[in-house]
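Peer 1: Quick note, the sequences are listed as chains A and B, same order. Just so we're aligned, residue 2 is where the first sequence starts under the numbering used here, counting upward by one. Just so we're aligned, residue 2 is where the second sequence starts under the numbering used here, counting upward by one.
The hints are simulated quantities; they were obtained by calculation from the structure and are not laboratory data. C-beta: ideal position from N, C-alpha, C; glycine also. One thing to keep in mind: the hints can contain errors.
[To be verified] Quick partial rundown of chain A residues pointing at chain B, CB under 7 angstroms, derived from the structure:
1. F82
2. I169
3. C176
4. N178
5. A244
6. E261
7. H271
8. V276
Number of protein chains: 2
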Amino acid sequence: MVYTIGIDLGGTKIATAVVDENGDVIAHLEVPTHAKEGPQAVLDRMAETAKRVAQAVPSIQPMAVGVGAPGPLNPKRGIVFGPPNLPGWDHVNLVDELQQRLGLHVVIDNDANAATLAEATLGAGRGYHNLVYITVSTGIGGGVMLDGKVRQGEFGCAAEIGHHIVDINGPLCHCGNRGCLETFASGTAIERTALERMGEPLNASRVALLAREKNVIAQQILDDVYRYLGAGLVNVINLFDPAVIIIGGGVAQIGRPMFEALQQVVNNNHFRSSVGENVQVVPAQLGTKAGVIGAALLPR
Amino acid sequence: MVYTIGIDLGGTKIATAVVDENGDVIAHLEVPTHAKEGPQAVLDRMAETAKRVAQAVPSIQPMAVGVGAPGPLNPKRGIVFGPPNLPGWDHVNLVDELQQRLGLHVVIDNDANAATLAEATLGAGRGYHNLVYITVSTGIGGGVMLDGKVRQGEFGCAAEIGHHIVDINGPLCHCGNRGCLETFASGTAIERTALERMGEPLNASRVALLAREKNVIAQQILDDVYRYLGAGLVNVINLFDPAVIIIGGGVAQIGRPMFEALQQVVNNNHFRSSVGENVQVVPAQLGTKAGVIGAALLPR
């Protein structure tokens, strides 16, 4: 049996796991990132946590380390460019830094691509060769598998689904462009809209609960989210042509009402009507562990 | 030397060529499609034209036939679903039909994918592994090469760039969706806007000529086209992450002013600024022959 270590580097926590070749988690350890301490301290903490999780199963010798990190990053060169939630990271060569600390082969990809790999291999995407994974959370990220492989693009920036423009005349996104999908349909967008229309920055689950209780404003907020997210899915379909779209992240916890609404938008994608086969929109299956499991699968 | 026959099936003409393994055209023949006569007559004409172009170089024995046809179509199953400009084609198995008529192995893909393959192999995309080709003509089509291969998607419908939504509140597209890129930036859109604002349905070249002569309305029409097309390129970049975007088709004949304007929009794609490497926007090199040459490359 071959074992690898997965590290999911986030702005608030570092999740690590020892994973076997079936994708089963043998040991798991999470620590706070303390991102404010800067890259060297965070790299030290990543290495230390990876060593500790490996020591939890001393009979096992992990072969390699996979890291899912926030983008933009260049997986081929191993460089993290400077994600907004990791202050001080400016073109850090994460692969070199970790290899020096751990003495093991290190592979990185962006966190959404790692989660895509996990869902494709072990979750809702098993058996498919062409799929898109979208995480709708604080922001909106994603990954794309085409012909059986997660495609990174030239600079490792493919499938940045939250930052494609669905309304050229829309409001300014924090990225600097106008009308990105993330501006309308992320968890942050839902809280902002709830504050504007309901006086409180309610999160997606709270808004969904109120909508189930027939609160008209809550339902309108969700309908708007589904309309924009639906347009995003139509674009994903007309550009990537996946067999299935997998949606994870906190906002996807709304569950059935959301998936039914999105499936309806997708089924009404007129452009593809002549093809006669609808793309399925399904929930992610691996939950919050998708990131760390996918990271562990990267070196394979 | 290995030779193949390429067939570029269009709504108005059928272009055929015998192409050698370097991509050089040995013989070339074009006939009108007479699309109104329906699929059987068009298939007969395709087969007959392919035979005639092969007979023009009797010393050569072509190994196989590649066909670029209007989408949507399923390249794996060989089926053309029913393109708007080929009346009567409703789930026609083009591969079976042509193989019966020609006794040669037949491969199909959509015409934009064939042109993408040609530009990637022999044109503006030589040496790149990740690129997007966009044809801006009557409509807007495209193809995507990732990791060295043109990606068709699950049903052969990937990279339908003209039918991705850039303005969710925009006008109805002929495909039935709202605010598709094609509605704003195709040759047809330019003619329609020219009719509205200048009283005449001027084509892109005419509008560009007037703009060069300092006609303010003509310049505004082009600026709007560049703004929408630019948003489309930003989306293509944030989703496919190509190293280069190649633009062909009649509208691209505007040339330098268009490519300069688009390059500027792409360089201002804030989302990617931290990556620090701009995607190049370049003109296609193979002109109208890209389709038939790419078709001939399909069976390889």
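Peer 1: Hints first: check each against the structure and report whether it holds.
Peer 2: The hints, checked one at a time:
no., hint, result
1, F82, "4 angstroms, holds"
2, I169, "5 angstroms, holds"
3, C176, "4 angstroms, holds"
4, N178, "5 angstroms, holds"
5, A244, "4 angstroms, holds"
6, E261, "20 angstroms, violated"
7, H271, "3 angstroms, holds"
8, V276, "5 angstroms, holds"
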